Every structure is written in C-alpha cells, then in structure tokens.
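Novice: Generate coordinates for the entire structure from the input sequences, incorporating the hints supplied.
In order, the protein sequence lines correspond to chains U and X. First residue of the first sequence? That's 578 in the working numbering, and the numbers climb one at a time after it. First residue of the second sequence? That's -3 in the working numbering, and the numbers climb one at a time after it.
Source of the hints: derived by calculation from the structure; they are not laboratory data. Owing to the predicted nature of the structure, the values given are computational and were not obtained by experimental measurement. Just so you know, not all the hints are guaranteed correct.
[Claimed, not checked] Between beta-carbon pairs, the in silico distance windows are:
#	chain 1	residue 1	chain 2	residue 2	range
1	U	Trp709	X	Ser164	29 to 35 Å
2	U	Val713	X	Asp70	54 to 60 Å
3	U	Val627	X	Asp70	22 to 28 Å
4	U	Ala625	X	Asp70	17 to 23 Å
Idealized CB from N, CA, C, for every residue including glycine.
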Amino acid sequence: MNERIITELVESFGKLFMVGLRVTIPLTLAAFSTGLFIALMVALAQIARVPVLRRLVRVYIWIIRCTPMIVQLFIVYFGLPTIGIKFNSFTSAWIVMSLSIGAYCSETVRAAIESVPVGQLEACYCDGLTFWQAMVHVIVPQALRTAFPPLSNSIIGLVKDTSLAYSVALVEILATAQRIAARTYDYFWLYLEAGLIYLIFCSILTVAQRKAEAALERRR
Amino acid sequence: MLRLQNVYKKFGDTMVLNNVSLDVNQGDVVAILGPSGSGKTTLLRCAGYLTKADSGTLTISDKQYDMKKISSKDLREYRRRVGFVFQNFNLYGNKTALGNVTLGLRVSQKMPKEEAEEIGKTLLERVGLGDRMDFYPSKLSGGQQQRVAIARALATNPEVVFFDEPTSALDPELTGEVLTVIKQLADEGRTMIVVTHEMEFARKVATRVVFMEEGEIVEENTAREFFENPQKERTKEFIHKSTTWASMTEEEQAALEAGADALPDVIRHDADF
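Specialist: Right, here's the structure in full:
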C-alpha cells in the first residue's frame, strides 16, 4: 500500500461517508418508517379480524416473502415503466424496501401484540376505551417494547440491503466505490472501504439499540 | 339498582349459566360463592359485558340493556356506571399507578389532565398508595397492584363495582390489604358484587350471599342467615367443608386423608362427592 493509495482512500472515505449520509441513511429511515407503519396496520388487520383485509394481507406477506428483493426492484424500476408507471431509483427502492420491511416486521409486531396479556385489553374496555384506543394507548406501546430487539435486527439488515438498490442505478455507497475504483483500479481497497462504511453505520445502530433498550427498561 | 334477569350462557354444549337472575340493591355487598366451574365468574363477566351472554337483560337504575347485544354508545355509557376488578389485576404495564387510574378518564371521557390526576391522586391515597403514584406495575407487589386496580375501577365513581376473585392471585400475606380496602368501600356504602373464595370475608363483609353451582343459583340469603342457617343441603355441605377442616381434630383430618369410609359420622356426608 503506497502513499498514493492512502491519499486516495482518505479522499474517497469522505465521499463514501457523505453518500451514506445523503442516500443510504435517508433511504433506510424512509423505508423503515413506512415499513413499520405498514407492519403495524397489517398486524392490527389480522388481530382485529377485519374480514376481507385479513385475506389480502396474507397474500401480500406471502408474495413479498417468497420473491427476492432484487426481482421486486427490477419489476418496479424496469418493469412498471413499460405500462406507463415511472419511478426514479430512490423512489423505487423506497417502495420495494418499505413493502419488504412491512411484510417481515408484521409478523414480529403481531407476535409482540399477542404477547401483551389479553386482560389488559379487557381492562381497557372496562375503562371505556375502544379497541383502537386500547391499541394506541396500552397494547401497541408495550408490544413495540417487546418487538424492539427483532425490529433493530431488521433496521440493521435494511442498512445493508440498501446496497441492492445499486442494481436499479441508485448511486449509493457501493456504486460510488465502484465508480471511484473504475478510475483507479483499486477495487480491493475501495470495496474494503465500502464495507467499512457499512460497518460504521451498523455499529452506531447497534450501540443505539443497546442504549435505547436500557432506557426502555427503566420505564417499566 | 342492578338487576340481572334470565341470563343464559353456553360454552359449546356446556350450559354455564342456566336462567340466572340476580337483584342487587343500593349499598348491597353481594358475595357470590360456589365451587370452581359453577359459573360465578362467567356471570360477573357477562354483567361486565366482557363475555356476551346468549340471552338475558340487565337493568341498572332506570336503564335496561340486552345482555346479548348492546350498541357501542350504550356500552360506553354503561361502563362509566360500573367498575371491574380482575383476578390478575390487569394493570397497564406501560403506565404508572397514576396513569393506570387516569387513562379511562382522559381517553374515554376526554377529561383534562389536571382534573383526571386530581381524581387519581385522591383515589390512590384512599387505597393507601399515595407514595406509589409514579411506580410502574412491575415495581409493585401483587397487593399493591390490586389496590391500584381498585382505584382504577373507582375512577368514574361507578354505581356498582364488580370484583372477580380479587385475592385469588395473591400471596396469603397480601390478601389482607386488599380485603381491607374492599371492606372500607363496603363501609362507605358502595354497591359491590364480589366473586370470592374467601369465606371469612363473605361472612364479615357481605350483606348478601349468593351460592352458585352448575350454572344456577342454589341459595340466596342475607350473609348472616346464609352462614348461620343455610337452607339447602348442598349449601350446608359447602360451608362445612370450606370452613371446618382447620377446626377438625388430627384424627378426623387423618381419616379424611385415609378416605371417606373411615370418616367419623360428623363429617361423613361432606365427603361423598
């Protein structure tokens, strides 16, 4: 490793990190929050036994879980334009990843909701609350606490999965590393650096998870 | 003031409540006794609309409701007029003691925070938990949790309070504090229906006792008459069995253990079940 490579890597580190902040992190946060919202709705639709919706929701989970994300990305980004629906790279990735998080996390959220003793729901009824009020004020907050560790897993997984958006021309960390390397032929060092950036982001999340769990523990 | 009429309930093929009717007057403390599976908890849950009865009517003061079907508006109104205390407390795990008491007031009745907390604090002080208001349920003992649950049930100042075996999930040491609170409420003239296994409590606190078995009311009387002068054979047997074991001689207890045949005459009839 000579001096030239070191200067280059220092320079590219800044670039990759900024791309992470500008593209990967926003995509992760956008997809995860949308996905979590979908997951909650899907879980509640199953628990509240909304008749038709419940069936639709099972079909949705089935399709998303049983097809590869990269295929879904290709369908949305390359496929949909042929029938006149066009999304840019970021939006395509956002849509696909939200749907994926929604499907996977709905099961986590559902199990967590069901882990809250049913007696608390009855107590809510006796307090005059409706099903939905009980969910908002009592059941879901406790369920999310239970679901917190597996959900943290999902968000860390999602940070890494955003690299799949490379395949639909999103200039994220991996694509940026590849572009720089294409000029200098230092593939080995640049891909190592790209991996390092993911490692840093995911480590921050891991520490944040530990801190947040300790904070949640104090509140019960 | 509270009247249940002709309540029926089946679980599958099992008749759990078979034409049960019950009248509760203002200031009554009704203890519902009976063996497990007699339908007493189901009756209470039906009265609290936690289980839908197959048929039956419920009258509270001036209002009459169908126990099988009720509009959500009627149900909200009814629930404000009754309180329910569960065997397992069922406190909200994500709320403090005070938050547990005030949630219904704030969410269901849209009461301003300060006003609800004022009520909550007064009630928690009344059940002796003035110093535990900011504690989460997991940091409270079973007895304390049940007292919070009682305060919560009283938040809307209900006309009737239902208790479903309020001390059954507690360590023996902790039942006293809960029963004391319930007795205080009785002394204040609060109308209550208590499903219980605590015979002594029923004897001392209840004004009336209802004895249920196999989905029917076997005997109903004032508490004094019920214990001192039970009318039905089955009631006598139940009272005898539930209260006499401790006062038996060691030989009698040994005999009971050995089997019904060896029992002395006094208690032989209790053992043939």
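Novice: Which numbered hints turn out to be false for this structure?
Specialist: The structure breaks only hint 2.
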